[in-house]
Amino acid sequence: MDLPSVALFGVDIIRFTIDLGNTFALYLVVSLTLNLEAGYAGVPNFGKVMFVAGGAAIAGSVCGRLAAIILAVNTYPDYNGSIARIISDTNSSLLHNPLLSVELLLLGLVLAAGVGAGLGFLASYPAIRLREDYLGMLLLASAQFFQLFLSGYTPFIGGTGGIEVPDVFGWVGTGIGFRDLVVLGFLGLFAILVYFYFERIARSPLGRTLRAIRDNEVASRALGKNDVAFRRNVIIIASAISGMAGALIAFEDGAVGPGSWTRITWTFWIWVMVIMGGSANNLGVALGALSFTFLFKTLNLVKFQFSNYVPFDVNWLQYLMFASLVILFLIARPGGILPEKSSTTLPRRTVAEIMEPRPKPIEGSETSENRSTSPETNPG
Amino acid sequence: MVDPYIVSSIVYASLFGLMAIGLTLTYLTTKVPNFAYGSFVTIGIYTSFTIYRLLGLSPYVSAPIAFAVGGLSSVAMYLGILRTLARRGSSLVSLMIATLALDIGFIGIFGIYTDYLYYNLGIFDSKSFYQLLLDFSLLGLPGLLYVAPASLAVVTIGLFILLTKTKFGIAMRASVENPNLARILGINVEKVYVFAWFLAGGFAAMAGSYYDLFFTGTTSSGSDLIVEIFASSILGGLASIYGAAIGGLIIGASEILLTLVGVDFFGSWVARYQRGIPLVIMIITLLVLPQGLSSIDWKKILRLEMIGKFFRLRVIRYTLRLRMLLKTFRSRGIQ
Numbered sequence: 009m010d011l012p013s014v015a016l017f018g019v020d021i022i023r024f025t026i027d028l029g030n031t032f033a034l035y036l037v038v039s040l041t042l043n044l045e046a047g048y049a050g051v052p053n054f055g056k057v058m059f060v061a062g063g064a065a066i067a068g069s070v071c072g073r074l075a076a077i078i079l080a081v082n083t084y085p086d087y088n089g090s091i092a093r094i095i096s097d098t099n100s101s102l103l104h105n106p107l108l109s110v111e112l113l114l115l116g117l118v119l120a121a122g123v124g125a126g127l128g129f130l131a132s133y134p135a136i137r138l139r140e141d142y143l144g145m146l147l148l149a150s151a152q153f154f155q156l157f158l159s160g161y162t163p164f165i166g167g168t169g170g171i172e173v174p175d176v177f178g179w180v181g182t183g184i185g186f187r188d189l190v191v192l193g194f195l196g197l198f199a200i201l202v203y204f205y206f207e208r209i210a211r212s213p214l215g216r217t218l219r220a221i222r223d224n225e226v227a228s229r230a231l232g233k234n235d236v237a238f239r240r241n242v243i244i245i246a247s248a249i250s251g252m253a254g255a256l257i258a259f260e261d262g263a264v265g266p267g268s269w270t271r272i273t274w275t276f277w278i279w280v281m282v283i284m285g286g287s288a289n290n291l292g293v294a295l296g297a298l299s300f301t302f303l304f305k306t307l308n309l310v311k312f313q314f315s316n317y318v319p320f321d322v323n324w325l326q327y328l329m330f331a332s333l334v335i336l337f338l339i340a341r342p343g344g345i346l347p348e349k350s351s352t353t354l355p356r357r358t359v360a361e362i363m364e365p366r367p368k369p370i371e372g373s374e375t376s377e378n379r380s381t382s383p384e385t386n387p388g
Numbered sequence: 061m062v063d064p065y066i067v068s069s070i071v072y073a074s075l076f077g078l079m080a081i082g083l084t085l086t087y088l089t090t091k092v093p094n095f096a097y098g099s100f101v102t103i104g105i106y107t108s109f110t111i112y113r114l115l116g117l118s119p120y121v122s123a124p125i126a127f128a129v130g131g132l133s134s135v136a137m138y139l140g141i142l143r144t145l146a147r148r149g150s151s152l153v154s155l156m157i158a159t160l161a162l163d164i165g166f167i168g169i170f171g172i173y174t175d176y177l178y179y180n181l182g183i184f185d186s187k188s189f190y191q192l193l194l195d196f197s198l199l200g201l202p203g204l205l206y207v208a209p210a211s212l213a214v215v216t217i218g219l220f221i222l223l224t225k226t227k228f229g230i231a232m233r234a235s236v237e238n239p240n241l242a243r244i245l246g247i248n249v250e251k252v253y254v255f256a257w258f259l260a261g262g263f264a265a266m267a268g269s270y271y272d273l274f275f276t277g278t279t280s281s282g283s284d285l286i287v288e289i290f291a292s293s294i295l296g297g298l299a300s301i302y303g304a305a306i307g308g309l310i311i312g313a314s315e316i317l318l319t320l321v322g323v324d325f326f327g328s329w330v331a332r333y334q335r336g337i338p339l340v341i342m343i344i345t346l347l348v349l350p351q352g353l354s355s356i357d358w359k360k361i362l363r364l365e366m367i368g369k370f371f372r373l374r375v376i377r378y379t380l381r382l383r384m385l386l387k388t389f390r391s392r393g394i395q
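First to last, the protein sequences are chains U and P. Counting along the first sequence from 1, when you hit position 149 you're at 157 in the numbering used here, and nothing is skipped either side. Counting along the second sequence from 1, when you hit position 180 you're at 240 in the numbering used here, and nothing is skipped either side.
It should be emphasised that the hints constitute simulated quantities derived from the structure, not laboratory data. One thing to keep in mind: the hints can contain errors.
Stretch by stretch, here's where chain U covers chain P in the computed footprint (C-beta under 8 angstroms, at least three residues) [what the hints assert, rightly or not]:
1) 160-170
2) 191-200
3) 250-258
4) 339-348
The beta carbon of each residue, even a glycine, is placed where N, CA and C say it ideally should be.
Just chain U, with the same shape it has in the complex:
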């Protein structure tokens, strides 16, 4: 079964929408985790890429090996060296084995969450002790080194070249574009679940406590809140979910390599989304992620139209554009598209009534009101 192709302005609009949706779902998840850390808990994570990359690398490495062992694929002489043949053999076996595919996917997610949580636990040790600027430098440098580790340690994901990952969505159908649609469904479901989970955290007493700790650490400590434990838990949760997103990226792409984990792709772009959307506002961050993804994908489509007019590679303009966009947002609208709202524990109407008490309308009050407001027009 093939997807129909609908062309609009020379672009296959269905294919474009599916691609946009997949990228948006992944960006949404990671930007929500950054929002929980930086927006709500006040821990500026400048090393986000490390947690995403950790999840992707472990899922890609372990799931591929495990699938090869279970399906008895010949891995001689070594796994990374003959990766292309092994993965193509594994994929052709997985095509008829949906159960194993789903198990591998779930195992990858669990492993990635574990690695993400572990890295988050390590990162939380300095995060609750250092000031924001020192922490930013430390996490940025650590993420830089983590990328170096991924490209240097060949047994893990095969060094600079990276390795391929078994296709766990291969069993859904061989039609053109059909796999992407199923991936979109799965990623969308995951992103929606994560969104509602974070929205629930934000609206719960926990979310209000986090904001209180962010705004005034000493006062919240005086109220008996253990700020160290709160921050540590938030970093661990956010990192675990970032790791899961990383695993999904690896499964979606069918490959994982150190080249794609730079401080631009999964740290800076994520900060762009949070700043554009509005930090400490999940809906705003979702909007920011959507507008970023849309801008990014549309620019990718149209930028080569201009390549005849400029004497350089048009890709560089994208960097300049998003850098200036962030700085413009920071200058002109630091709160983002949807700024942070004050949290209300009661329904808005109840709060309004508490703030401005009004007499409640009672039975038969309408006539008396009419009489009182216009006594001259209705005399006697």
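Take the given structure of chain U and dock chain P to it, following the hints.
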């Protein structure tokens, strides 16, 4: 003949000293860790490269030009973006994001610039070029071995004289210590900050133009050094220029020499994680000595009489114990 690793570690260490001094100057004035700082090194690298390719001048000649270009870009960044943001009451995190954004913007600018060199001027190695073989040789050793440490020494001593002996330098220190009080005394704090940012960008670009003589230059050479630069500055305490110079020397030398030792002991795979050494030093510094080398009370440590007293007590105690032991042995008849 001096070991080439020793030569490169001395050069590396001196360049990091220069860069760390610059980063510390920006941190002292604006209290923001400048994530775009590595890009100023790249500005220096490419200024010297372009001047060599177009005019054939050695980086030693073009270093002052690189200093000016780097300094002016740094001032433009400070006045155009960071000061605007700071005046609008942006938080520290916002300022950090702005510097990160600038770093990304610089990637775009360098890309466009090297494309221009490639397509319009026909410089086909503009994206990645080998070290420029223009260095002179003295006593059989590369000239940079003398020039880089000498530059670091001149910069450090020059800053020491500026900050302690001149009126402007004392005004600088006052505006770093307490900007509001300095303003009350009639010091133009803005002028001081602009000057500090000019020096910071200049030192980075100068180090970058020396870098051409020794290492392969690419558009990301500078921003790849950010781990080492941060580590040097943090080791120095982020608040002391002399600490930064010493921190840069330690980081630069230990990165190369420890890697060498590691390769000897564990095998050649250690060389791949060379960049991990500054990171480890940075983490240890942050956890053990967060205020850096400049916070150590050297006078207390160097108070030799204390150490002498300590050891004397130890010696007396141990000799007494030994005597007691011998006495017991003797009483049991063991000679």
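Tested hints:
| no. | hint | verdict |
| --- | --- | --- |
| 1 | 160-170 | holds (count 8) |
| 2 | 191-200 | violated (count 0) |
| 3 | 250-258 | violated (count 0) |
| 4 | 339-348 | holds (count 5) |
In summary, the structure is inconsistent with hints 2, 3 from the numbered list given earlier, while agreeing with the others.
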